[in-house]
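S.K.: Construct all of the structure, not just a fragment, from the sequences and the given hints.
Number of protein chains: 2
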Amino acid sequence: MTTLRTPGPTVGVVGGGQLGRMLAEAAAPLGVEVIVLDPTPDCPAALVARDQLVADFDDEDAIRDLASRADVLTFEIELADQTALDRVSEDTGTPVHPKPKTLETIHDKLVQKRELEGAGVPVPPFREVDDADDVRAAIDDYGGPVMLKARTGGYDGRGNVPVESKAEAEKALESVAGPAMVEAFVDFEREISVIAVKGDDEIAAFPIGENVHEEEILRETVVPAGSSDAVAERARDVAADVLEVMEGRGVYGIELFETRDGEVLLNEIAPRPHNSGHWTIEGAHSSQFEQHVRAVLGWPLGSTDLRAPTVSKNLLADVEEPREAALSDLDHILETPGANLHWYGKREARPLRKMGHVTVTARENESTDDLLEAARDLEEAVTFRS
Amino acid sequence: MTTLRTPGPTVGVVGGGQLGRMLAEAAAPLGVEVIVLDPTPDCPAALVARDQLVADFDDEDAIRDLASRADVLTFEIELADQTALDRVSEDTGTPVHPKPKTLETIHDKLVQKRELEGAGVPVPPFREVDDADDVRAAIDDYGGPVMLKARTGGYDGRGNVPVESKAEAEKALESVAGPAMVEAFVDFEREISVIAVKGDDEIAAFPIGENVHEEEILRETVVPAGSSDAVAERARDVAADVLEVMEGRGVYGIELFETRDGEVLLNEIAPRPHNSGHWTIEGAHSSQFEQHVRAVLGWPLGSTDLRAPTVSKNLLADVEEPREAALSDLDHILETPGANLHWYGKREARPLRKMGHVTVTARENESTDDLLEAARDLEEAVTFRS
Chain A
3 MTTLRTPGPT VGVVGGGQLG RMLAEAAAPL GVEVIVLDPT PDCPAALVAR
53 DQLVADFDDE DAIRDLASRA DVLTFEIELA DQTALDRVSE DTGTPVHPKP
103 KTLETIHDKL VQKRELEGAG VPVPPFREVD DADDVRAAID DYGGPVMLKA
153 RTGGYDGRGN VPVESKAEAE KALESVAGPA MVEAFVDFER EISVIAVKGD
203 DEIAAFPIGE NVHEEEILRE TVVPAGSSDA VAERARDVAA DVLEVMEGRG
253 VYGIELFETR DGEVLLNEIA PRPHNSGHWT IEGAHSSQFE QHVRAVLGWP
303 LGSTDLRAPT VSKNLLADVE EPREAALSDL DHILETPGAN LHWYGKREAR
353 PLRKMGHVTV TARENESTDD LLEAARDLEE AVTFRS
Chain B
3 MTTLRTPGPT VGVVGGGQLG RMLAEAAAPL GVEVIVLDPT PDCPAALVAR
53 DQLVADFDDE DAIRDLASRA DVLTFEIELA DQTALDRVSE DTGTPVHPKP
103 KTLETIHDKL VQKRELEGAG VPVPPFREVD DADDVRAAID DYGGPVMLKA
153 RTGGYDGRGN VPVESKAEAE KALESVAGPA MVEAFVDFER EISVIAVKGD
203 DEIAAFPIGE NVHEEEILRE TVVPAGSSDA VAERARDVAA DVLEVMEGRG
253 VYGIELFETR DGEVLLNEIA PRPHNSGHWT IEGAHSSQFE QHVRAVLGWP
303 LGSTDLRAPT VSKNLLADVE EPREAALSDL DHILETPGAN LHWYGKREAR
353 PLRKMGHVTV TARENESTDD LLEAARDLEE AVTFRS
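Just so you know, the protein sequences line up as chains A and B, in that order.
If you use the numbering used here, the first sequence corresponds to residues 3 to 388, in order.
If you use the numbering used here, the second sequence corresponds to residues 3 to 388, in order.
Only some residues are given here: those of chain A computed to face chain B with a beta carbon under 10 Å:
hint, residue
1, T5
2, D44
3, E284
4, H287
5, L332
6, I335
7, L336
8, H344
9, M357
10, S388
These are computed hints drawn from the structure, not numbers from a lab.
A virtual CB, placed ideally from N, CA and C, is assigned to each residue, including glycine.
M.R.: Below, the structure written as structure tokens:
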């Protein structure tokens, strides 16, 4: 049985961006303290966390320091160094969740897809790419355009290049530096995601969200998704299969394609709270961040039930050049009933950088279309440009 | 129109207890920074706040330091020194909300009652007390038991003494050191409260809550209250009248008696977020703490609409002697869908000290009776004694 003291247990987090910040926001009411490790002084999470260690994500001495002050280590970025985490954990006895091995698996998209396919998770056709011939062969085999992906280091669509025809193969490959893979381009009905949680001896999943990407960056998540009940159930089954492969406790963001014939295919996995789960802060009984805190500590998971239909919309910097962050004309967001603002505390606005998000929660019988329209209006009312 | 930067505006708070902590928790998503002033090193709010100044509440130099780092000053304890606040505000130009004058009015219960009565707010019969004769005269005049109250310094019922008969007057007066007042004992149907907000040029109020006190300490708040619509409307009208008297922006906790014939009488006012408003964190669209942050900054107020029927229950230390705080057997709270734990981060458990609270929010068609039963079960399952 869980006992809570003061100070409460401490979660050491590699990375102190907005995910670390929202993790610390969720941890505080539970009496759980958060220390983050991040190279940017006064990183977004620093305001809310107990402390920040200013160091690179792969600084093993700093990770060791973090481990010595924490009951458990976790990470909020895929850039975390799995080898260093593994070694520190072994030396200090401080566990890491999810397991560094899982981070390693996910880190390489080819390894990830192979492992998941081997476990029976439905994935789009894919293959390793050594040269342009492999890309052209994939176009022939899959019968259409393909997506060329850097195996490592991709994020928010960086490192993903659509290849429409064999003539483009050479050039596309040049634009993806380093090892690559290629995947059949999925002509999807919609993109959906499942935020799933692996606890000590239980798993849980939030209702599926429907995601809208533009320029490969997430713009909106709508919950409930427009999928049929059968598709939603299939998605949660796939998520459960994915969790079987993942080692270690925590929240996993599982992005899926719903195909035009109602199949569900795995797109990508994030071994951490995910942008498409931010809606859970207001929309569910306990947020993805609270669930992650509970899970990594080995506490019982909370309820993932929907409280009300909810839409989240990212506030991306609408600037042409980097400049000091200043979001103006906030009043519309502040005055709208059911709207909640989340500011990430980044000092610099860069083109399309995620600076915050706004959530709109149904108050009466509003449809998700109503919520989406409201969220879009709110986002249009603000600017980083003035 | 409001603009948000990084760092955001800073609210300086005199007091760093649980109210300051929940204020900082609510401020963070809005990008608002909180600095608290509190004499206890590593006070409850310190974990979440940007910084803590360790100093006494009436340390004018420290308040000046706080003012120099803040865009606005506020307080979370009535012990704040209104003279010092006034002087610092005048010298530094940093505004204080609510106004120190209001703090002063509220600080002396006799002055408070006189001012409110003068403004047409319904109050129980009361009078100043110089000696035991005044108490006996009140018993005669009001025709029954009275409540003897210390004019200043009372909190959580400390300084309130019921006087059943004239024979008790002398002794009761001895137990209340310093200036006193006496009030007719109200034979109430229920105790209710309105959490009201005074903004820049708007006011707002949350749905009324029904409060259960034992040993003059709040135990539970149930929302919606069992009052009729007419009584609820009357309570909100009284709250609006009270706000007219209060000077300065912010949240006010307004405790009322609902009499057996459906009248509403003012009991007490707190010029700050109030224990009976903790339910708003999960139960309303924006919490009393978020509203206080918005109000003191002069931002638009948020929606005070109910999201779902909600009960909050205090977790008081069930100890006989002070001891290190350790709340055991938490799993029942953590596992219950719709239950949310709030831990205040106090190091020492003292008899009946407020250590945290738990909120239970309706998930489907649960009645407030169901919620209250659930909350009581949860509170009974935990202990500070093991």
